[in-house]
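Visitor: Based on these hints, arrange chain B on the given structure of chain A.
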Amino acid sequence: MTTHRNSAPAHTRSLPIRQLVLTLLGWSIALIIFFPILWMVLTGFKTETAAIADPSFIFSPTLESYQAVQARSGYARFALNSVAIAFGSTLLALLIAIPSAYAMAFLPTKRTKGTLLWMLSTKMLPPVGVLVPIYLIFRDVGLLDTRTGLIIIYTLMNLPIVVWMLYTFFKDMPKDILEAGRMDGASTLQEVFFLLLPLTLPGIASTGLLSVILSWNEAFWSLNLTSSKAAPLTAYIASFSSPEGLFWAKLSAASTMAIAPILILGWMTQKQMVRGLTFGAVK
Amino acid sequence: MRLARHLPVTTLAAAIALAGHAQAQTEITVATVNNNDMVIMQSLTDAFEQAHPDITLDWVVLEENVLRQRMTTDIATGGGQFDVMTIGTYEVPIWAERGWLEPLDSLPDDYNEDDLLASVRDGLSLDGTLHALPFYAESSMMYYRTDLFEQAGIEMPEQPTWTQVRDWAEQLHGSEDGLAGICLRGKPGWGENMAFVSTLVNTFGGRWFDEQWNPELNSEAWNNAISFYVDLLSNYGPPGASSNGFNENLALFSRGNCAMWVDATSAAGKLYDENESDVAGTLGFAPAPIAETPKGSHWLWSWALAIPASSEHKEAAQAFITWATSEEYIELVGETNGWTSVPPGTRESTYANEQYTEAAPFAAFVLDAIKEADPTDSSLEPNPYVGVQFVGIPEFQSIGTQVGQTIAAALTGDTSVEQALDNAQRATERTMQRAGYIER
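Going down the list, the protein sequences come from chains A and B.
Reminder that position 87 of the first sequence reads as 287 in this note's numbering, one-by-one numbering, no gaps.
Reminder that position 261 of the second sequence reads as 360 in this note's numbering, one-by-one numbering, no gaps.
These are calculated hints, taken from the structure and not from any lab test.
The beta-carbon is built from N, C-alpha and C at its ideal position, and this holds for glycine as well.
Wrong hints could be hidden among the right ones.
[Stated by the list, open to error] Over 10 Å on every C-beta distance to chain B, these chain A residues come out as not near it, computed from the model: (1) Pro261; (2) Lys310; (3) Ser442; (4) Gly445.
[Unchecked claim] Example chain A residues on the side facing chain B (calculated, C-beta under 7 Å, incomplete): (5) Ile252; (6) Asp254; (7) Pro255; (8) Ile298; (9) Ser300; (10) Tyr335; (11) Leu336; (12) Arg347; (13) Leu423; (14) Ser427; (15) Ser439; (16) Ser441; (17) Pro443; (18) Leu446.
Extracted from the complex, chain A is given alone in its bound form (with noise of 0.2 Å):
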């Protein structure tokens, strides 16, 4: 949705058909995408028989899926425990990423583009493969159901993706700058902290906050470390289907009031995003 932005008002005039077409088609995409959300959305405001109804754009909005599902549990309580899993591990996977992307691209040895693939590669294995040896040493370490314990899983989960990213940013950095630092005299830690983390900072930010959606998002290990304590927004939303009555309204009320927060941070912070993920894509 972001893509579209660039064609000058001066420019329409003259709009060639190829540009047209490919703005139509841009739209169309992102329309296609967007349209779940804004069904969930829509459905949040309806009552539960319009929501099982046959599927329409016109019915009469009301509050009541919201007013039910905060009248049954404690958002807030929920939403605090996204916020702190998503933004600790966040924390956590930079503060061990950075150090390690640093040595990776500037210090490289022979084996380390098989490191990073070995990296990658624990990204391949269903996570349902390694469930019951996690719960087991959870479970003797007293991790279960705790913030840490999801935290340290979160931050287990994207490290690989962080170091990638972190990696990529740090090799498109001339390594004039850090020679020029280190003539004049700069340690290595002076290095990293005065030359080398201001100017890859919207790097270093859209993979924080891409490590933000993931954790946010999680919903598999969330759902299986968690019982009541620690349990983030993607257990609140799974308490609200039912085997026995209507529940799709309220579920969409939940869903929207779940995402409700990371939707927003996405739209504040969408430049820095998509400057982020491109900024080493064209070479």
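Guide: Quick look at chain B alone, frame taken from chain A:
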């Protein structure tokens, strides 16, 4: 950046909120599903905590299948995350046999165990010992719209047959705009379409397995039952019937889009509620229809509360489950939420209560259906399993769901009934061979 500035404040607020909870009390974690009766139970947390000041309740509400997976992981690994679990008649004997559930052999006298309905109690027992306490129980029955039946001059007999139901469906289908003659479950799943289909097969004289555990899915009785089901639902059912489960049919029927519906007795309370249902004033009910035999024509299910063997707070957990399934609790719900909302089907005393029988005209009916359902004798010919609409073996979840999918395929017309049943038979044979019930 503004968010970052607010973060310390929010974290502090969270810390304070959490500190408030940390008291030296026994905290028990109750895992449950989001059914209406459970939502009421959750809303009465305060009443329990007032009566038991040393116990606090923590709720985990999850989608049924996620909950089941979560509970099995926890029990199998001895995680001890839950002190009370909500499980059904299908799981209780299986889990109890594996030693996963705490036997409930020392219930307090005032719990009045003999008041529990015998068929429900038997379903939750292993070797005569209760392993879970019934929260609510249901059977199945037929709902119909009395206005349509009167207009068409049809009189509902005391015990309808499936042949009659087919004739009525044909007569009433389309007589109003968007009216289906009959609504039935079509959505695949062992707890969805197969719950209904199993009762239909039972009454058509079929069974899942013979006494040596050989599957009989391509028998004549199954073929008759499924052909009848596919014909009935594709000709006189609502559009897209193969994706309708209990919830979808409940919505269709309560909006007045079905002339008849055969499903769980627990729907009655919702259909009689004028706020939720357009047919509250014209709702009729009858026993589940029969064909060759009345045996197994209606099911028996109960949602029950159990204590996992891994719980560290068994005493407090028992205090909670005896409270939530007691006469006292049922009265509390009657007084706070209205008598149609009380959890049905568990105790004789509920049906002796005039306030309930007056508010719920279907009460006596449901009681009879539950009492008559016999999970140990559910088919015309003898079978080796326990369960009316399911087979009480661990393999049934996968068998039931797989067969459910082939039957849904027959319903949509993707395969013929014969082919669907042959496929189902082969798949079930393989599973049973692998599990060691029958020889390869």
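Visitor: So, for every hint listed, does it hold in this structure?
Guide: Here's how the hints hold up against the structure:
1. Pro261: Fine: 19 Å to the nearest Cβ keeps proline 261 of chain A off the interface.
2. Lys310: holds (40 Å)
3. Ser442: The assertion about serine 442 of chain A is violated, with a minimum of 4 Å to chain B.
4. Gly445: Check fails; 5 Å does not lie beyond 10 Å.
5. Ile252: holds (4 Å)
6. Asp254: violated (9 Å)
7. Pro255: Hint violated; proline 255 of chain A Cβ to chain B Cβ min 12 Å, cut 7 Å.
8. Ile298: violated (18 Å)
9. Ser300: violated (24 Å)
10. Tyr335: Hint holds; tyrosine 335 of chain A Cβ to chain B Cβ min 5 Å, cut 7 Å.
11. Leu336: holds (6 Å)
12. Arg347: violated (10 Å)
13. Leu423: holds (6 Å)
14. Ser427: Interface hint status for serine 427 of chain A: holds (5 Å vs cutoff 7 Å).
15. Ser439: holds (4 Å)
16. Ser441: holds (4 Å)
17. Pro443: holds (5 Å)
18. Leu446: holds (6 Å)
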